[in-house]
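Protein chains in written order, with the numbering used here: chain A, 340 to 621; chain B, 340 to 621; chain C, 340 to 621.
Because the hints were derived from the structure by calculation, they are not lab data.
Hints should not be assumed to be uniformly reliable.
Any copy will do: because identical chains look the same in the list, a pair fits if it lies in one copy or spans two.
To be verified - Cut-off 25 Å, straight-line C-alpha distance, at most; resulting in silico cross-link-like pairs (SDA-like, lysine to any residue): (1) K423 - V575; (2) K617 - E495; (3) K616 - G351; (4) K486 - P400; (5) K604 - N375; (6) K486 - V544; (7) K604 - Q353; (8) K510 - A443; (9) K423 - R570.
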Amino acid sequence: MAGFLVVQTDFGLQDGAVNAMYGVAYQVEPDLTITNLTHEIEPYNIHDASYRLFQSTMYWPAGTVFVSVVDPGVGTERRSVVAKLSGGQYIITPDNGTLTYLAAYTGIEAVRQIDETTQRLPGSSESHTFHGRDVYMFNGARLASGKVSFEELGSELEVKDLVRFPLVPPKQAEDKITGSIDILDIRFGSLWTNIPLEFFKKWGVAYGDRFLVRIYENEVLRYEDRVIFGRSFAQVGEKESVLYINSLLNVGLGINLGSFADTYKIGTGTSWKIIIKKERVA
Amino acid sequence: MAGFLVVQTDFGLQDGAVNAMYGVAYQVEPDLTITNLTHEIEPYNIHDASYRLFQSTMYWPAGTVFVSVVDPGVGTERRSVVAKLSGGQYIITPDNGTLTYLAAYTGIEAVRQIDETTQRLPGSSESHTFHGRDVYMFNGARLASGKVSFEELGSELEVKDLVRFPLVPPKQAEDKITGSIDILDIRFGSLWTNIPLEFFKKWGVAYGDRFLVRIYENEVLRYEDRVIFGRSFAQVGEKESVLYINSLLNVGLGINLGSFADTYKIGTGTSWKIIIKKERVA
Amino acid sequence: MAGFLVVQTDFGLQDGAVNAMYGVAYQVEPDLTITNLTHEIEPYNIHDASYRLFQSTMYWPAGTVFVSVVDPGVGTERRSVVAKLSGGQYIITPDNGTLTYLAAYTGIEAVRQIDETTQRLPGSSESHTFHGRDVYMFNGARLASGKVSFEELGSELEVKDLVRFPLVPPKQAEDKITGSIDILDIRFGSLWTNIPLEFFKKWGVAYGDRFLVRIYENEVLRYEDRVIFGRSFAQVGEKESVLYINSLLNVGLGINLGSFADTYKIGTGTSWKIIIKKERVA
């Protein structure tokens, strides 16, 4: 084991692109341990790429290198960067917003710009559409295996100068919590909000408490109902809704043995808002 | 190489869940060899999870640990268990029927209950919906790497007390074999039955023999035709049906360069019955 | 690290087939590094299997063994072969056309026929439908780990006697280039042609040059427009078409942030022809 390299793209796994990336990395260092985050990010969806990194990087050892390639601007002047997280993991990615969630919630210690013209796979200078293979994976393998240091990879940038998309912070009032619906637990159709467990603790919420939940898309009401807070899905009846604490310790909203997103046609992103209200006992 | 860890879930690979599981395992032991069985089990489909383990565990070395997480009851009182197969492989799974096929066909030597409150990822006690990461994968990595023994993982259970779903055994009469359609060879649409090669040997069947095949769904006839027994698909004409011996040495039923399941709308499970009749030469 | 083994099939990853192959390989040699090319080749699509090998093999170290199993003729008299590429990588595959692109563009040094009856997983002689596991992966693991040599795997064949499907070579005239549309960059819907960068160099093409592009399906015109040549997608406006040099240094045709194949209903294969014409400045 000569280092961990974890790869995420929007390339899918139907063709040879990801495999060529693996080959390039093993040519750099045969003893690397390489694995996939996901390659099924929707094409060009920088938001989801950012979230998936936030969801997984913290579980990996310091020194692990993540290569994330969702790169609609490949071949333009957008920067290529390497970021060092507060936990000691690294991310190599185009600087196009992919680091937004990590900067906001995980903590980025330092960031450097990679020179795409000098730091690239030898012989790849005529290819301008596959930096995932020629620049990101090549440098990821060098960094993960210790063949190059973080400092040697490029010139220092200010963390505050990274490209970011807007995030709406959650808010807590005396009897109302407001948050956004960041993403889906895709396979199961549950909503993952940005409301932290701490808000529920501050309210002293207990399993079995019931709340009034409203979901808005751009100020239009899309869902309204009373929902119980449970330890997990299976603590409500089949097809019943439940508020729960998800695996990132944020509030989730799902249906036991069903899909909340499909049932109520709920989407994700900054245009989708959730409000959770304490109910007065009359 | 410090041990083999094989992972199966119904999580899909579109998000960061499986990757977080990998990270947790490598934190336990960086030199593990981790690989996927499948993550595309239909959500909550315990039957298929059970079959896929039966299909693959026997090909792995003794000591390999399989972690299988199809877990509609996560967060409830359902047990978490570790089973030792007769071949020396281990399975860590919720005790919800996932071990049914292995108990029936492969052989389970011993089983222990894992204490979810003490045997879990440090710091994960507030998360109740992702035992795959916090309990199953964490303990799988410890067992695969030898950091904990089978005996240390929990208290002994009786194999006979494991939760199982019903299986219908195949039957052979003088001129008739009855079986169930367990599962599909998904990509190719062939039916896999529970009728063993031994039944055909007892009848002295030879390639080229022809049988009357009937398929019933809950006693309703869904398919009836004469079908030839061949060594493989390509031994009949394009789009012709063929009985064959599949890779688990059971009888399969397919169409050469076509999908039997799609063509004749055949499903799987205990409600689907297949009858194979010897034909009298008049 | 005891050798690289890379696997491609049309089996998909929904069941236990690929995992059983991995288990067989690790039983041969636990320290192998095994990874996937793709398992999502369309069932029986030998053309695409051939192309995906061409797309990725060159990026792997000498000695890497690729096992490719797209095998509509399993169980028939079709040969099983092992080919040695000019770069020192090996391919184990049924001899059904899968080696066509490698023979034409990469270079095959030598090829041998594997004896399926003696060179197979011990105990697998009654299974005739899963040579991927019993013959190809088993021998792939032995070759990758050095337990058997290329020469020991079977008897020599002539490279010219390999089964191949027809390829149409690209042609360059003074003001016209003709090529075929080999395959899609699936996720993004771009067309990959067989026209090499060298043709554009000979013409002295520069970024920003505009060409008349026509696409024919069996002599029927399916697309006609003027298209700019750019360094990458992002150098044209959103939803605009662009000619570019792809990651294999051939000419590609795509739409920035869109799918060319979907938009214009363009397919791939020898029946699809592309003509690129230099435009006269009037």
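Results for each hint:
For the homomeric pair K423 and V575, neither the shortest alpha-carbon distance inside one copy (42 Å) nor that between copies (33 Å) is at most 25 Å. In this assembly of identical chains, K617 and E495 lie within 25 Å of each other by CA distance neither inside one copy nor across copies; the values are 48 Å within and 45 Å between. When the C-alpha separation of K616 and G351 is checked against a cutoff of 25 Å, the pair qualifies neither within a copy, at 41 Å, nor between copies, at 33 Å. Proximity of K486 and P400 under a CA criterion of 25 Å is satisfied in both settings, with 18 Å inside one chain copy and 18 Å between copies.
Taking the shortest alpha-carbon separations for K604 and N375, neither the intra-copy value of 30 Å nor the inter-copy value of 32 Å comes in at or below 25 Å. With identical chains, the CA atoms of K486 and V544 are never at most 25 Å apart, being 51 Å at best within one copy and 38 Å at best between copies. Taking CA atoms no more than 25 Å apart as the test, K604 paired with Q353 passes between copies only; the shortest distance there is 20 Å, against 29 Å inside one copy. Taking the closest pair of Cα atoms, K510 and A443 come within 25 Å of each other only inside a single copy of the chain (16 Å); across copies the shortest separation is 54 Å, beyond that limit.
Taking the closest pair of Cα atoms, K423 and R570 never come within 25 Å of each other, the shortest separation being 35 Å inside a single copy and 31 Å across copies.
Hints 1, 2, 3, 5, 6, 9, counting from the list given before, are not met by this structure.
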